[in-house]
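> Read off the chains here:
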Amino acid sequence: MSTVLDSKIPAGPLKDKWDNYKNTIKLVNPANKRKHTVLVVGTGLAGGSAAATLAELGYHVKSFCIQDSPRRAHSIAAQGGINAAKNYPNDGDTVWRLFYDTIKGGDYRSREANVHRLAQVSNNIIDQCVAQGVPFAREYGGLLDNRSFGGAQVSRTFYARGQTGQQLLLGAYQAMSRQIGAGNIDMYSRREMLDLVIVDGKARGIITRNLVTGEYERHFGDAVLLCTGGYGNVYYLSTNAKNSNVTAAWRCHKRGAYFANPCYTQIHPTCIPVSGDYQSKLTLMSESLRNDGRVWVPKKQGDNRRPQDIPEEDRDYYLERRYPSFGNLVPRDVASRNAKMATDEGRGVGETGLAVYLDFADSIKRLGRDVIEARYGNLFEMYERITGENPYEVPMRIFPAVHYTMGGLWVDYELQSTVPGLFVLGEANFSDHGANRLGASALMQGLADGYFVIPYTLGNYIANNSFPAVTGDEDAFNEAESAADARIKKLLSIQGTKTVTEFHRELGQIIWDQVGMSRTAEGLRKAIDQISALREEFWQNVRVPGEPTTYNKNLEFAGRVADFLELGELMARDALEREESCGGHFREEYQSAEGEAMRNDEDFTFVSAWQHTESGHVLHKENLEFENVELTTRSYK
Amino acid sequence: MANSMNITLKVWRQAGPDAQGGFETYVVPDANEHMSFLELLDVLNEQLIKEGKDPVEFDHDCREGICGSCGVVIDGMAHGPQQRTACCQLHMRHYKDGDTIVIEPWRAEGFPIIKDLVVDRSAFDRIIAAGGYISANTGAAQDANALPIAKYNADLAMDYATCIGCGACVAACPNASASLFTAAKIAQLSLLPQGDPERKTRVRNMVDQMDKEGFGDCSNHAECEAVCPKGISISSIAIMRREYVKALAD
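Just so you know, the protein sequences line up as chains A and B, in that order.
Here the first sequence is numbered in our numbering, starting from 2 and rising by one per residue.
Here the second sequence is numbered in our numbering, starting from 104 and rising by one per residue.
So that you can see chain B by itself, here it is in the shape it has in the complex (with noise of 0.2 Å):
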């Protein structure tokens, strides 16, 4: 069986969105190797119960890295220190007995904190909603092999749509940018022959909404990508932002 850890956490708590968080400072004896860290978080969580006490408040459901519905900061990283995977894809065996973990929200004026480590992404759904789509009304499809794709051009349409909404590539800007969540699905669009007619309306509105969301600009930092659990390049951002000023200059 595998050995037993002692894992100190240090968690951000935050009675809601308005209150005053602070960080408190919990053991956990009985972790180990194999747990996922959010299970580590459920053990916690079922000690803090026992105990009377309140527990830590996270989002999460598919705990296999694909919803996007998990994201928390552990010890200054984004998903934590294993690259390409997701916190609830991050397993105790990267940690070692007495460690100390440090957990944080998603810290970004685009995403305000609801309770403790979760947070309000909705500014994502209103970004997508501003046309990060194809203008498709069910039933009016041709045959689906009757638009031939370029191997290439799917294949890199595929990597950026991997995107998984998470805000990772948010909380890890020093300028709390959402031009890497933007970026990916005008790169995706605009690398398919279907987004085309709407390629110009789509990055104008898509970076106007980013804009009133509160989000900063993009630096060139390159931490989202670092960050990325699904490991999406910034050339999307290079993308998005030939199709803006293309967009503009019509």
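This is chain A alone, in the form it adopts within the complex (with noise of 0.2 Å):
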């Protein structure tokens, strides 16, 4: 039966909420934390911060990654930059500023507790950061510099070069080290979660399984945090690192983790296109582009002539023409949106047709090569790299592609999913993106979850409730080892005709043609037939080579894509539900007469939170209350 979800928001102003949160919460005594054992799942931004800053309030951490070391998470390949509100170019940001840009920015499908209080600790984040020795850009004087993402017209976007989220990542993970050093975290790498535990009705364990020797493991504890990140490898081809998955998220989720608005997805616009069906994953050419580069295609349909050959009034600069305030800098839904219209008009470019210009020539004759290659000079190498083409001198072509998830498991204010004793932090949970991320704005809620608001809400958790001991011996972990053993045994044992790659390519296809950037009733239903028929084929005529006790990818990635063939499933319904456009969820039925999203806001103001059961998933609402932003219509013109 359908209900509606309590979100837990404190009372009091929106400003206030946080600090009344704090106030009255309550404290692990200090020499008490020690006896408590959390198990913190995944190490990109928000799991390598929460571990860190655990352990150093004393708690005894347990952390686990998939790759050979935690200072590889995913979250190490963000490029553009993290927002924060410091205001330091005195151009008119606010903690408001932020919050309402992010607000809006998300399509009025956010909470707005949730997203004040990561404005509000954004700040704290930077000089965390700066204090762990984070060599972020600095102007001559020795001061921070900052600069544009879309979305905002303030400059709030804290950088190292093109490689921000390596650089926060590294600090976040050097964190971690000095506390394994310390022997208050102990690390388990190349581990992959298979289940989560539950005994008595709470979190207290996990399954793993060692990725090198095969081995199952029991690990326990008084409370899991998941930070295991998104599920954009469901559409086989996106930006997401190959190991990227759903798996411990979803498990979770069968185990009684509500999954939370799984139809919103962001198309980021500006990747390097496909250029062929051997084609493993796309590459981002970051946002931050856009502060430099000019967005065109040809007026005329089919115009074949090379880039520099199309005179000025050939362009159609569409973005500066559709949206004058914002230009180039649109946010990334709409940006994603023009680019296929323009696509489907027939004026894309490049060998495929699937593809726009990113244009350099002006912004390099008005402030000179030198300065580009100081802003971008590592993206334009990576981009020659795999193009062969020097974007100096001829335009960059460009195609949007997935690139991170908004929706995600549910969870409360305090970061706790329906699974009590389950926390879910950074692009795992669903809570502060709506149907659209900003531009840096993911790096800011990584962090912000795992610095700045678990060690408080975790503690809350921690005081209020008791932990009878456990031991790894009890039925619920007996039942949980068993089945992750008969699932890889059964994975093993069919032995057909198709690969696991085969399988992931087809169901990104369907995903990527239903639901991608546009969606339609009649497509969703489709797909959820499509989606369903290639499971079944999948369980019957997989072909998952090697052995299980030994490193063995192809079994990891077996387990994954069938978790994503049950996911893909479920965002179908989720778009075919939500009879609205909103944010990155563009149904063609649901748009004005200019090619606009148009919400609809009497009917869908609400989170989908959708419930597995044995019977089929169940969809709870969450309603959004907003009291301090008026909904209008989203317009960057």
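Treat the hints as calculated values from the structure; they're not laboratory data.
Incorrect hints may appear among the rest.
Here are the computed lysine-lysine pairs in the DSS-like style, where the Cα-Cα straight-line distance is at most 30 Å [as the list claims (entries may be wrong)]:
1) B/254 with A/87
2) A/499 with B/315
3) A/491 with B/199
4) B/156 with A/491
5) A/499 with B/254
6) B/113 with A/366
7) A/490 with B/153
8) A/63 with B/315
9) A/499 with B/153
10) B/156 with A/490
11) A/34 with A/63
12) A/16 with A/27
13) B/349 with B/303
14) A/27 with A/63
15) A/16 with A/622
16) B/156 with B/199
What the simulated footprint calls covered on chain B by chain A, stretch by stretch (three residues with Cβ under 8 Å from a Cβ of chain A suffice, anywhere in the stretch; the number is not a length) [stated by the list, open to error]:
17) 237-246
18) 275-281
C-beta atoms are modelled at their ideal positions from N, C-alpha and C, and glycine is treated no differently.
Make the complex out of the two chains shown on their own, each in a separate frame, by following the hints.
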């Protein structure tokens, strides 16, 4: 039966809510903290910062990652920057403005109180990272530099060349390493979480598989923090790292954690276009490039001239034309949809016609090549390596690609899921970005959750609950481990004719076509049938090579694709249910005459939270109350 | 469309840490110039799985040259022939139809082989845990702009901070030394005022840990700098030595 969820938002005016919360929670005595073990799964910005901070506070932390080192989590690949409301450039930024831009950027489908807290702690993050030695870009006077990102009219983005994610992650990794060296964190690398273990109604453990030996391990503690990132790889081609997956989150979902807004996915406008059917992943070109690059396509369909031969009057700088106040810096969903419109009209460029130009010629003329090189040198180099073309001389060709997922496990204000004791941080939760995330906000949210939110909310949970000892021998552990083992054995026993990658590609194509940049009721219904048929075929015809007892990457991937085949169907169902267009969720039936998204606030101002049951998925709702912001049509014109 | 290339691969296969390894030869008849090097291995693996054979194991993740997961020796060069490029960003347009390519794992005492091309680089994590950090508990920081840092130093620190921890420096070094990796972190943190309070213990502990892990010493061959996908300069090793001597003199 469908219910309305309680997000446990604290009382009081918006700006006082977080303080009120902190003033009234229960605390854990410093001497008692070490008696509590916390399991932190994932070592990206959210997991790394949470593990380090909780260990500093005195908790006993066990940390897990699927890579060979915690330093390799996919946060490392974030390029552009991290937002904060420091207002160092004196250009009018405030906490309120960052909050407002994020709510508006999310198309009014996020929770006011969470987003305001995020904006409030954003400044602490920058302070913390500088203290750790993160080498942010600086001006000649020695102070920190800022740049602009989409969806904002102030410069509030801090950056470290085009490698901001790397530097922030290494900051968190080093803070973790210090605690590992001090014996406060037990680090388990090359481990994959295969199930959540619930004892007496509380999350008390996890089952992991050692990816080198294939052994199962039982880990237990008083709370589980899931910091395992997003599910963009359901599309097969995405900018996510190859190992990024939904498995840990999906297993929690099947154990009772509701999955919220799975249809909210972000298609990033500036990626290197697909070049062939062997392609394994897509590469992002940072949004920061839109500070100085101008997006255009030829005015005429099928104009095959080289870009440098197309005169100014035959070019359509469509973002500048349609959105004069934000121009090339419109938010990602708007930029992506417009690129799709241009290519759908037959005005796309390059070999496949599925690309638009991002042109730096004007900026190079205005600022000089040196300045452009200092700002984006490493990105230009990366582009040239992949495409063989020199973007200083010819415009980049770019096209949208899957990049981030706003949906994720449902959490309340305390970041606690519907399973008591299971907290979800970073991209793995659904909480702060609504239907579209603004650039440079993912790093902000991951670190906000890990450094500044979870230390309080976890403490409140620990202080308010009792934790009878668990040993790992309980029935729940036996059952979870047997289920994980049975699944692995099943995958290896099928020995069919199609590889894991073939299934994954097929699934990705269905989702990209029907649950991608634009969606229709008819297409979504078709996708649901196709995915369900593909899933059936997978379990009868997949071929997984090798042994379960050695390093076997195909076996890892097989389990992940199996979960994507279930998630994909839920994404389509969620998209079908949401009869409106908002942010990254664009339903063709709901658009204005000019092709802009049309929300339906009357009927859809809620979070969709899906419960997994034996007989299928049940939809629950969390109504979104806007007490401080007026819901308006989101305009960047 | 791109032209098809016939590529022969000689790949190191090793079933496990203690198993005897050796080269196997495979032919990929339908490679093309747009493929990345790892996509070529993907195509090979799909081929092997269809033939009922075990695929070649190799570490990889982001495939955009930043996570540091991938790394193999290609024709004797760590990460292959293109400078300042991790092998995930090496593209087949640098090869031609009919080429033979030899692929081996990183080879170093500090990096035991796990399987095929996959090695254990956890020694790097232990070197960082020995001191590659600034002790700054969450919440205790002052305002970020309270501590101006000269742009020159900040930029130089960033140059060293770009290390991706892939291990190519070790693989290329005749002594299998981890000096470039260790020095890059020491150099970054020694250039920043935040790193000053711990500079002496940091360099001592990190260098000691590097020795304990079985890595050799640096003898100025500079092979590490030549193969580093981020182009990290061996000046960092000079900084590390200076810091080490100063720390010992104390």
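> Against each hint, give a clear statement of whether it holds in the structure.
Going through the hints against the structure:
{"no.": "1", "hint": "B/254 with A/87", "in the structure": "20 Å, holds"}
{"no.": "2", "hint": "A/499 with B/315", "in the structure": "47 Å, violated"}
{"no.": "3", "hint": "A/491 with B/199", "in the structure": "42 Å, violated"}
{"no.": "4", "hint": "B/156 with A/491", "in the structure": "19 Å, holds"}
{"no.": "5", "hint": "A/499 with B/254", "in the structure": "55 Å, violated"}
{"no.": "6", "hint": "B/113 with A/366", "in the structure": "48 Å, violated"}
{"no.": "7", "hint": "A/490 with B/153", "in the structure": "20 Å, holds"}
{"no.": "8", "hint": "A/63 with B/315", "in the structure": "25 Å, holds"}
{"no.": "9", "hint": "A/499 with B/153", "in the structure": "8 Å, holds"}
{"no.": "10", "hint": "B/156 with A/490", "in the structure": "18 Å, holds"}
{"no.": "11", "hint": "A/34 with A/63", "in the structure": "14 Å, holds"}
{"no.": "12", "hint": "A/16 with A/27", "in the structure": "21 Å, holds"}
{"no.": "13", "hint": "B/349 with B/303", "in the structure": "8 Å, holds"}
{"no.": "14", "hint": "A/27 with A/63", "in the structure": "23 Å, holds"}
{"no.": "15", "hint": "A/16 with A/622", "in the structure": "25 Å, holds"}
{"no.": "16", "hint": "B/156 with B/199", "in the structure": "27 Å, holds"}
{"no.": "17", "hint": "237-246", "in the structure": "holds (count 10)"}
{"no.": "18", "hint": "275-281", "in the structure": "violated (count 0)"}
When each numbered hint is compared with the structure, violations occur for hints 2, 3, 5, 6 and 18.
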